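**Student:** Each chain, written out:
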Amino acid sequence: GDSVTQMEGPVTLSEEAFLTINCTYTATGYPSLFWYVQYPGEGLQLLLKATKADDKGSNKGFEATYRKETTSFHLEKGSVQVSDSAVYFCALRGRGTSYGKLTFGQGTILTVHP
Amino acid sequence: SQTIHQWPATLVQPVGSPLSLECTVEGTSNPNLYWYRQAAGRGLQLLFYSVGIGQISSEVPQNLSASRPQDRQFILSSKKLLLSDSGFYLCASGLAEYNEQFFGPGTRLTVL
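Same order as they appear, the protein sequences are chains A and B. The working numbering puts the first residue of the first sequence at 680, with every later residue one more than the last. The working numbering puts the first residue of the second sequence at 6, with every later residue one more than the last.
For the record, the hints were derived by calculation from the structure and aren't laboratory data.
Some residues of chain A that are not near chain B, with every Cβ distance over 12 Å (derived):
(1) L692
(2) T707
(3) K739
(4) G740
(5) R746
(6) T749
(7) T750
(8) S751
(9) H753
(10) S762
(11) V791
Rough simulated footprint, nothing fancy, chain A against chain B, three-plus residues with beta-carbon under 8 Å:
(12) 49–61
(13) 105–117
Owing to the predicted nature of the structure, the values given are computational and were not obtained by experimental measurement. From the three backbone atoms N, C-alpha and C, an ideal C-beta is built for every residue, glycine too.
Chain B on its own, in the form it takes in the complex (with noise of 0.2 Å):
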C-alpha cells in the first residue's frame, strides 16, 4: 500500500516569507499527486494536481506553485506568504485505475 510522507509537520512563517512543503510517495509509482489545502479544519479545496513529472494543473488562481520534479516527489511553494495561505496542507496520491485518494499527515502552516 501507499505512505505518503509530509514535511515539516508544523511551520509558522511572518509574511512575505517564501514557503516550501515537500511531499513524497513511497510503495508506488507513477501516481497522480494532490495538494489540498483545509482551512478551518472543515472543507477540503484542491489547489493542484500532477499526473507526472513536470506536469501541473492548477484548479484554483493563487499566491502558490507546485512542481513535481520527480516522480514520487511533489512540492508546494510560494515565494511571498500572504496571511490568507495559514491553513492545513494535504498532499494526497491516487492512481488513475482505481478510485481512491491516500492522504499524508498534513502541514499545519501559520503566516503571522
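Same shape as in the complex, but just chain A (with noise of 0.2 Å):
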C-alpha cells in the first residue's frame, strides 16, 4: 500500500537558518504530494503541493519538488523565522482512490529559536 516517511525530529534551527525536511514515498502510479502545517493547537492546513513529477510547489517562502526518480518531496526554506515553529506532515494522494484517502507521513516538529 501507499507509504510516506519523514525524517524523525524534532528540528531545532536559529533564525534565518536554512531548513530541509525530507520526505520519500512508496505508491503506485504517479501520486499527488503535498505538505501541510500543523501551529500548536490548531487543525492543518495545506502549504503547497505539487500534482506530476518534476513539478514545484511553493508558498511563504517553502518549497519542494516532485522527484519521480527518488521518489521523493522534499521541504526547503531558505531562511526560517520563529513563526514557522509548527508541525510539518507531508502526504501523497494515490491515483485511483476514489475517495480521495490521503496517506500522512507520521510529521516533523520544527523550532526556531531567535
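Take the two lone chains, each set in its own frame, and fit them into one complex as the hints suggest.
**Tutor:** Okay, here's the thing in C-alpha cells:
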C-alpha cells in the first residue's frame, strides 16, 4: 500500500537558518504530493502541493519539488523565522482512490529560536 | 474556498459517557468528508470517510461511529467512551475532482 516516510524530528534551528525536511514515498503510479503545516492547537493547513513529476510547489518561502526518480518531496526554506515553528506533514494521494484518501507521514516538529 | 467548523473545541468526558462531535462545511457542495484522530500531537489516523449523505466507510475497527445526516454535516459518535479515545479529532473536506483536503480546527477530547 501507499506510505510516506518523513525525517525524524524534532528539528531545532536558529532564525534565518536553512531548512530541509526530508520526505520519501511509496505509491503505485504517480500520486499527488502535499505538505501540510499544523500550528500548536490548530488543524492542518495546506502549505503547498505538486501533482506531477518535476512540479515545484511553493508558498510563503517554502518549496518542494516532486522527484519521481527518487520518490521524494523534500521541503525547503532558505531562511526560517520563529513563526515557522510548527509540525510539518508530508502526504500523498494515490491515483485511483475514488474517495480521495490521503496518506500522511508521522510529522516533523520544527522549533525555530530567535 | 471551503470553511470547516468543528465543535466543541475542547471536551472532557468521563469513561463510559457518550460522545457527539460535529463538523459542518461551508462554501462547497457534495464534498467527501473525513474524520481523523491525531494522538500525542503527531501522526494522523483516518477513522471514517463519507462520499455522500448516509454513506459511511470505516477505516479501522473501533469504539466510534460516524453519520452524515446532511450533505455538509458529519458527526462522530460513541455510546461509551474509553480512555483510549482521548486525542485530537480533525474533520476534513475534499472534492473528488481536486486532490487536497481542507481541515477544520479540531476538537481536543480528554477521557478521564
